[in-house]
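A.B. asks: Sequence:
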Amino acid sequence: MASLEFVVKVGEQQLIQPETPTPYETKYLSNIDDQAGLRNHIPFVHFYRGRSRDRCDPVPIIRRALSRTLVQYYPLAGRIRNTEKGKLVVECTGEGVVFREADADVTIEQLQRQSGGLGLVPPFPRRDRLLVDDIWGCFLITDSPLLRMQSARDPSINSPSLRPVWSREALSPRSPPRISFPHYEYDDSITNLKPGPMYSPSRFRRLAQASLFLPRETVSTLKHRAAAAASFDAVAACLWRARARALCLSGRDPAYFLFPVDTRSRGTPRLPRGYYGAAVVFPCATALTFDLCRKPLRYASSKVATAKQIALEDEYRAS
7 MASLEFVVKV
17 GEQQLIQPET
27 PTPYETKYLS
37 NIDDQAGLRN
47 HIPFVHFYRG
57 RSRDRCDPVP
67 IIRRALSRTL
77 VQYYPLAGRI
87 RNTEKGKLVV
97 ECTGEGVVFR
107 EADADVTIEQ
117 LQRQSGGLGL
127 VPPFPRRDRL
137 LVDDIWGCFL
147 ITDSPLLRMQ
157 SARDPSINSP
167 SLRPVWSREA
177 LSPRSPPRIS
187 FPHYEYDDSI
197 TNLKPGPMYS
207 PSRFRRLAQA
217 SLFLPRETVS
227 TLKHRAAAAA
237 SFDAVAACLW
247 RARARALCLS
257 GRDPAYFLFP
267 VDTRSRGTPR
277 LPRGYYGAAV
287 VFPCATALTF
297 DLCRKPLRYA
307 SSKVATAKQI
317 ALEDEYRAS
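In terms of this note's numbering, the sequence shown opens at residue 7 and continues consecutively.
Since the hints were derived computationally from the structure, they do not count as laboratory data.
This one's a predicted model, so the numbers in the text were calculated from it and none came from an experiment.
Do not take every clue at face value.
Here are the simulated PhoX-like pairs of lysine-lysine, each with C-alpha atoms no more than 25 Å apart in a straight line [stated by the list, open to error]: (1) Lys91 <-> Lys33; (2) Lys93 <-> Lys229; (3) Lys93 <-> Lys33; (4) Lys91 <-> Lys15; (5) Lys15 <-> Lys33.
Label pairs and their computed distance ranges (CB to CB) [unchecked claim]: (6) Pro221 <-> Thr312: 23 to 29 Å; (7) Thr224 <-> Pro170: 38 to 44 Å; (8) Pro64 <-> Leu245: 46 to 52 Å; (9) Arg300 <-> Lys15: 23 to 29 Å; (10) Ser181 <-> Phe12: 52 to 58 Å; (11) Arg69 <-> Tyr305: 49 to 55 Å; (12) Lys15 <-> Ala233: 42 to 48 Å; (13) Glu90 <-> Cys254: 43 to 49 Å; (14) Pro29 <-> Phe296: 56 to 62 Å; (15) Pro221 <-> Arg70: 39 to 45 Å; (16) Pro64 <-> Arg249: 52 to 58 Å; (17) Pro64 <-> Pro170: 44 to 50 Å; (18) Phe12 <-> Pro188: 24 to 30 Å.
Glycine residues also receive a C-beta, built at the ideal position from the N, C-alpha and C atoms.
Full structure from sequences and hints, please.
C.D. replies: Here it is as structure tokens:
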């Protein structure tokens, strides 16, 4: 299929500030917010289909809605600052978030056809044309806008249905600190695991990242082989075992599987409703490579399920 070509006209960036004055203060960030691995910008694209009877320009509506929203979520209009001890905080300056208007002579239907029927899933066609990188001139997260937008629709809504809650203090570490669980996600020897001796360095450098979309029938088969495990546990076990085999790890070597778990509504103690900070932890399932590759799939899925359950316990986040 021929490459889809279209023209994008990108406007100048502008700062959208809260519609009304907001408090000037410094906000504490939890240690989950403050992780070194999260100190970066993450690009994403949302597609919204307009109503056929509504042909008005959405940009003024989005701009106004964003300005109103920032009154409730005013820390997002501030700036991240680095303290003397390296701890990040949010200075609520009300400076605003970056918004940039763009027009493209392409329709969602054309993008869907170009994807071969897979829908608008990553990597969707010509993503590089729809996202403008480095809007603000640098990739640093400190002293730059916390949110960047490129271009709900109901102007009668003046406040969110669920009141935003900052409450980062709910995730404050214990004093004095006490480690109750091993946190493999911070162990460089694990996160930078090298392939086995049978795997040449040149082949390792050619490893690719890809998105896999498994049909429902495949997931059902994996769940059956994993003794009726949860869908995530069964699929994770399959991928974990496949990766261990692909890296040709020695049977005596440990194999690790790190994965994210959102503890916002399931962890103990529960975070308040409306909490909009990061609440994701990264538990780690471990097994000897020999056991992982030779035992039934239910062995690996049970390891994943156990690690997931531990992450939801009371002391995991606190440690």
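A.B. asks: Quick check: which numbered hints come out false for this structure?
C.D. replies: When the structure is compared with the hints, numbers 2, 4, 5, 8, 9, 12, 16, 17, 18 turn out to be violated.
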